[in-house]
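*Asks:* Each chain, written out:
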Amino acid sequence: MIRYFSGIFMHIGRYYTLMTQVFSKPEKKPIFRKRIFEEIDKLGVSSLPIVIIISFFMGAVITIQAAFGFESPWLPLYAVGVATRDSVILEFAPTLVSLILAGKVGSSIASEIGTMRVSEQIDALEIMGVNSATHLILPKIIATVFINPFLIILSMFTGILGGLLLGILTGVVTPYEYLYGIQYDFKLYNVTYALIKTVAFAFIISTVASYHGYFTKGGALEVGRSSTTAVVYSSLLILLFNFILTQLLLA
Amino acid sequence: MIEVKNISKSFGEKQVMKNISLVAEQGKTTLVIGGSGHGKTVLMKSIVGLEEVDIGAVFYDGRNFSEMKHKQRKAVRQEMGMLFQGAALFDSLNVEENVAFPLSMFSEMSEEEKLERVNFCLKRVNLENMNTLYPSEISGGMKKRVGIARAIAMNPKYLFCDEPNSGLDPLTAVVIDDLIKEITREFNITTIVNTHDMNSVMNIGDKVIFIYKGQKWWEGSSKGILHTDNKEVSEFVGTAKILKELKK
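Each protein sequence line maps, in turn, to chains A and B. Position 146 of the first sequence, counted from 1, bears residue number 146 in this note's numbering, the numbering being contiguous throughout. Position 161 of the second sequence, counted from 1, bears residue number 161 in this note's numbering, the numbering being contiguous throughout.
Chain B extracted, bound-state conformation (with noise of 0.2 Å):
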């Protein structure tokens, strides 16, 4: 569980963000949306730590992370997957070498034990025979699944994810989705992704936070989303509800 209690942050006069709280559950996905330069990847930093927060604190499984010296913050960070925007491959390793990475630098696995968990967690994420091609030669779906390939291989408990969609067709941008849901639940990880992508929000958000103006504005359910009374995010909202109503 994750649990963010009051934080803010500042870039110089400037505060992106004021006072938020949020629990992030083991097992669940919860889903960080907003639109955009409202603090969603400001947030995410924070509770990861690349961004120190001005106050308040980030606290895995009972455990102060923002109070944590350089090596405790370490361990914990060998326990944290993220899915990056871009994906943020490594150029210069190929798709093997991408996910046998964290594998590399922190495990004491042999070569064979190494090679084994890259090809589970590239068949896990649909990406078989691909191991030796380098990033420049895979498409952007492909790239955000070698990115959960190499955010699970150290079997993470917290999973984080900006932006998994950004950039993709809808049916890959499904792909992710599910993938994402999916493992959260098999691998009982808890689960923080951001997102502005309402479809996202529908499938796999089993909480919603909704962010305005660095603040929280709003918390529920992907369900009690679409009858909010809340002004802001039935604006944020407004399309998807229209897609929903058509559905019906």
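In isolation and in its complexed conformation, chain A is listed as follows (with noise of 0.2 Å):
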């Protein structure tokens, strides 16, 4: 027990001092620039896909679950319209897709990072004088914490868009009951919180897929496992936070 929670001191530490080392002023800023935009089209231009299937097919389960649950004439029919669109832009877009972008582009992180590390290329950048952590670590995070709100107001609007179209085709709903459904008594404040849900998590899972990936040490198996432990921490920091930012913003 002493033995765990120690590991998890160390842990916690390590993360700490890399994250002080990552955060420092880059070498040269046309080529920091460059890597950001490199980063925003591997880690968030590529997910664009999964992120627009995931959606779709969320809001259109959403929309018949609540149609079949509001089975009573005591409910008016747009209620499935307010309903999906609660429940997609306060929980199933910001945290649903970014546990999904946890496993996705946190392994991809913590794959890259590990690789380079058992390969020696981050020391052939540190023997280069090149702070290695600013270099490979910080413009990940810049381009996640930039690009996944864009993903996840997309995400929003996928998913309620599918449920209106599969909606329809299933004919669970009406366009008029459904379209009034999504704009009756609408806050703007939802998206703001989970917006800022979803920078929280960009980062969680940069940094921690990131810490995996540069502290890796061994060969391809180790790799491996630095990757799957990385999308296991991000996604349990991801609900735990979740927790947090939802008693913090919305209690």
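Because the hints were derived from the structure by calculation, they are not lab data. Please read all numbers here as calculations on a predicted model, not as lab measurements. A portion of the hints provided could be inaccurate.
Under the rule of at most 27 Å between Cα atoms (straight-line distance), these lysine-lysine pairs were calculated in the DSS-like manner [as the list claims (entries may be wrong)]: (1) A:K25 with B:K71; (2) A:K28 with B:K74; (3) A:K217 with B:K14; (4) A:K25 with B:K45; (5) A:K29 with B:K71; (6) B:K157 with B:K5; (7) A:K28 with B:K71; (8) B:K114 with A:K28; (9) B:K231 with B:K123; (10) B:K74 with A:K25; (11) B:K114 with A:K25; (12) B:K45 with A:K217; (13) A:K217 with B:K18; (14) A:K28 with B:K69; (15) B:K69 with A:K25; (16) B:K213 with A:K217; (17) A:K29 with B:K213; (18) B:K74 with A:K29; (19) B:K114 with A:K29; (20) B:K18 with B:K231.
Taking the hints as your guide, dock the two standalone chains into a single complex.
*Replies:* Set out below in structure tokens:
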């Protein structure tokens, strides 16, 4: 038990030390800027298809489930639109999509940095006098914190659109009722809340994955292990911070 | 000149280096030899600062590297070039970008000047017209040569090579050895090479240091190593000695 807790404190300390290294002045700004755009493309733009597909069907399923649950003469049909909108905006888009991105983006970051570590590419950077932590990790943090909110906004839009299209197709809701429902008592703060969560989750995904990749030791097997551990820990932290932020922002 | 003074290093309770001192002279190649797991790589990593030593110090032309702060170390590191065991080329960059990388990071050269320097370095290691290939598209020997080109791109004062011949066929290994030897003399570099290849010892070693169980066990010339009475050294070079006799 003592060993387990000392292990946790060791990771927290090492994570903090790494972050102090990461948030340093980059060597050359033009190269750094180029790296940010590369990471935006690699981590953000390449995630578009999976975000769109998942969000579309997620919205559709929520609509069908809401319609199934609201089969009561006391509830108006537009409540299906309200339920879909709020579920997608408040929880499904920011949290579920972030969990999926933790799997896709997190494993990609951890395995990329882990491979660079075991193949001595990080040592090569250090020998040249490059701050490897800033050079490799900071662009990934900036890229995910910048692009993930756009992905989540897209996810919200696609989820609500999926609910509309498949709701009409399956006949569980009419276009008029659904469109009326998604506009009914709309609170912009809900979107702000979702975006705040997204930024926090993006930071968790990029830093936790980078941490696990950066301290990989061994070979290919350990790179795979780091990648898995990164996904597990970032997912757990997302769930924990989802609770904390919800309590802070909505309670 | 690089001076290593009484350095020791432990990982937990295991001492991997014990009181090692050595001097590597400018324009010469110092070879560090020894069996696997005896501390050669830790020694090299300690010299370049990738591992912190517990006791002792490393001096670069009289500058105490071990006591330097991050910024000062960074300046010294820009005078270093290193060839890693697996070449450690950046997978996402092509040959030209790999060699140009230190120039892009630390020089104020124009794109034309950079390209000229890259092509010069690649020509020096006999790799021309390969600028656009990626590390995954070239052979192990070529990777090592690109690694050397990258290491000399910034005109280093100190060159470190960790197992430059590992995984290479004998002919390519000789090519790499010759390159290291020529570059050291041509650019008057202080070179330290980690190896367990006895052909390298005979070909390029101006000075040879034998590491055994984390300690400096023997020091001498490449010729002297064939006539030493030291039991461990004799055992290590045994095979090469027989080959030498056969050649005679």
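*Asks:* Are the hints correct? Go through all of them and say.
*Replies:* Results of checking the hints against the structure:
A C-alpha spacing of about 12 Å is found between K25 of chain A and K71 of chain B, which places the hinted pair at or below 27 Å, so the restraint holds. Between K28 of chain A and K74 of chain B, the direct Cα distance comes to roughly 14 Å. Compliance with the 27 Å bound is thereby established for this hinted pair. At roughly 18 Å between alpha-carbon atoms, K217 of chain A and K14 of chain B fall within 27 Å of each other, so this suggested pair holds. Between K25 of chain A and K45 of chain B the alpha-carbon distance is near 26 Å, which keeps this suggested pair within the 27 Å criterion.
At roughly 18 Å between alpha-carbon atoms, K29 of chain A and K71 of chain B fall within 27 Å of each other, so this suggested pair holds. Using a Cα cut-off of 27 Å, the hinted pair K157 of chain B and K5 of chain B holds, with the two alpha carbons roughly 20 Å apart. Straight-line distance between C-alpha atoms of K28 of chain A and K71 of chain B comes to about 15 Å, which keeps the hinted pair within the 27 Å bound. Distance check on the hinted pair: K114 of chain B and K28 of chain A sit about 16 Å apart at the alpha-carbon level, within 27 Å; holds.
Between K231 of chain B and K123 of chain B, the direct Cα distance comes to roughly 43 Å. Violation of the 27 Å bound is thereby established for this hinted pair. Straight-line distance between C-alpha atoms of K74 of chain B and K25 of chain A comes to about 14 Å, which keeps the hinted pair within the 27 Å bound. For the given pair, K114 of chain B sits about 24 Å from K25 of chain A by alpha-carbon distance, which is consistent with the 27 Å threshold. Distance restraint check for K45 of chain B and K217 of chain A: the Cα-Cα separation of roughly 15 Å lies within the 27 Å cut-off, and the hinted pair is therefore satisfied.
The hinted pair formed by K217 of chain A and K18 of chain B meets the criterion: a straight-line CA distance of about 24 Å does not exceed 27 Å. A hinted pair counts as satisfied when its Cα atoms are at most 27 Å apart, and K28 of chain A with K69 of chain B qualifies at roughly 21 Å. Of the pairs offered as hints, the one joining K69 of chain B and K25 of chain A holds, with about 16 Å between alpha carbons and a cut-off of 27 Å not exceeded. In summary, the hint linking K213 of chain B to K217 of chain A is supported, as the alpha carbons are separated by about 23 Å, within the 27 Å threshold.
Using a Cα cut-off of 27 Å, the hinted pair K29 of chain A and K213 of chain B is violated, with the two alpha carbons roughly 46 Å apart. Between K74 of chain B and K29 of chain A the CA atoms are separated by roughly 18 Å; this keeps the pair inside 27 Å, and the hint holds. Between K114 of chain B and K29 of chain A the CA atoms are separated by roughly 18 Å; this keeps the pair inside 27 Å, and the hint holds. In summary, the hint linking K18 of chain B to K231 of chain B is supported, as the alpha carbons are separated by about 20 Å, within the 27 Å threshold.
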